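All chains should be built: construct the whole structure from the sequences, respecting the hints.
Protein sequences appear in the order of chains A and B. Okay, so the first sequence: first residue is 27 according to the working numbering, each after it adds one. Okay, so the second sequence: first residue is 27 according to the working numbering, each after it adds one.
Keep in mind that the hints were calculated from the coordinates and are not lab data. You can trust all of the hints, since none of them are fake.
Since the list gives no way to pick out one identical chain from another, each pair is judged satisfied if it fits inside one copy or across any two copies.
Derived DSS-like pairs: lysine-lysine, alpha-carbon spacing no greater than 27 Å straight-line: (1) Lys90 to Lys350; (2) Lys350 to Lys74; (3) Lys90 to Lys315; (4) Lys173 to Lys315.
No experiment lies behind these values; they were computed from the predicted model shown.
Number of protein chains: 2
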Amino acid sequence: MHINELPTPTLWADVDALEFNIAEMARRLPGKRLRPHVKAHKTTELAKLQRDAGHLGFTCATPKELVGLAEAGLGEDLLLANETVDENRLRAMANSDARVTVAVDSIATIDAAARSGISECVIDVRVGFRCGCEVEEAGALAEHASKSNISVRGVMGYEGHAMGVVDVNDRRNLVEAAMLRLLEAHEIVGGDLITGGGTGTHAINTWVNEIQAGSYVLMDTAYTEQQDQPFKQGLFLQSTVVSVAPNFVVCDAGLKSQGMDHGNPTWHEGEVLFCSDEHTNLVPTSSLKVGDRVSLVPAHIDPTMAKHQVLHLVRGNEVIDAWKIDLRHW
Amino acid sequence: MHINELPTPTLWADVDALEFNIAEMARRLPGKRLRPHVKAHKTTELAKLQRDAGHLGFTCATPKELVGLAEAGLGEDLLLANETVDENRLRAMANSDARVTVAVDSIATIDAAARSGISECVIDVRVGFRCGCEVEEAGALAEHASKSNISVRGVMGYEGHAMGVVDVNDRRNLVEAAMLRLLEAHEIVGGDLITGGGTGTHAINTWVNEIQAGSYVLMDTAYTEQQDQPFKQGLFLQSTVVSVAPNFVVCDAGLKSQGMDHGNPTWHEGEVLFCSDEHTNLVPTSSLKVGDRVSLVPAHIDPTMAKHQVLHLVRGNEVIDAWKIDLRHW
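Set out below in structure tokens:
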């Protein structure tokens, strides 16, 4: 099927870019040096390509992602890099076939995990502005976990505040300050895992021993401003021009079809004016008519993927496959 | 079930508010004066309450919404208030049991509708910054539709640029200017329908003969700033505190669980700092611990509803029902 036959709005991935990105990251961070984060793409079939590239462990943001990977046979070493006290969901993870490790940062999260049959954890240390315990609490939490029959595999710290910083030196300074705190906690807690990082810091975070990158496969426009990113834009939002005004055209990919938290999408063939619920208004550099196709680049892939049921795989102009975005919702 | 037993993040509607809003709007715009827009809630069960309140016609933004309403027996008079040239979807609408009217604003959209067996349309006139033809084109398009065996029921114009304006006089001036253009087109085109408007302009748009409001049922924080809105906040995003820091708490309702195009959610019990993919950081006015529940008010209901599978119905603290948000996707 030609890409222009797809009903719109719909997502498509450039297979060449996707394969390049996976291979390039596997070259930079082979095997266990990368624990791919599936929250960015929420697609089991894509995780399989990452597994085939040599990464056997995965990072998840939700129990649903983790259980989904386990059911797909990708459960060799799954980390829920997030806190939960939902015991039904913790039990579902514990009862899966996977090796399951959860992030904990409080007595409450450890107790919920213990009651649900979870047997391994990492101590999540706050090195930025999200979850995590203070460095000073890490030792006592590790002790509480051990007493609760949960093995402590190490520490985790996510430097989310550094991830999108464009200047590489500024970014490195933020990462270093964050990671020194993480290593301080690791000195107390011990364990094999020092886990953190993401696409934005994958090349400069040399303090952790595994990187939790996910966006690199499909890429965000935010990251493409970073000079040290080798990855190619892989995700596009296909739309159809449905209305033509004297000064702009309107396509059928609005804000319900893409994440808006990083702002408007970009477009290679003109200017993006604004998005409304069902539409995006564009000023094309060359004349467009009703029915013409327009591919936008969503500003943030994670929430964009989470809005769609299907990711189409495109090589050239040919749709060669369609993958279910099967790890969505909660 | 108590509301605090719901797995999070999840949406819930305050049934008292929802019933009040539906009744109040039916009092203000009874029967055919309102053609409820389902794009805001995408929920057939909710549309049935609107039907029970006396509104037999509905407005849709997508063919999927329209076909879904038709299948649910709500097809007495359905308007696709949007342009499409997707002939498969147009045919699916034409083949439904519903009375189907589509918006057209170009020769291409009329021809696609004609080829697909659509038999009624409204001429969509650009009175704002989205779809619609120029006033001067309306007559020729109506003629082309008639020649293509599509009856022209009248005109449509959506004054989206006025919808969120807080000051009622500013808003009225914008609506008046837009609607005078619409009436100019109606003088040429004729027909029974002069359709447009929304929740933000429902009380001041006296030029149309039916209002396409949808948000009033669940309400947006944007509209609650408008002094002339009688409607109550009906939609909430239930979340769980998963991490507690010295200066803030982190709950599990992030930007994947709510529309971000109108900005951060609001919260009645403290300050919202920021949203990340899976989390929202909050500064509570009184101390919160891990496991406590927090209900946020999403800034924009339309894209928020589109992200969830289920809407829980809550009276007091009791979950009395769960409705599938069944008109999502495309």
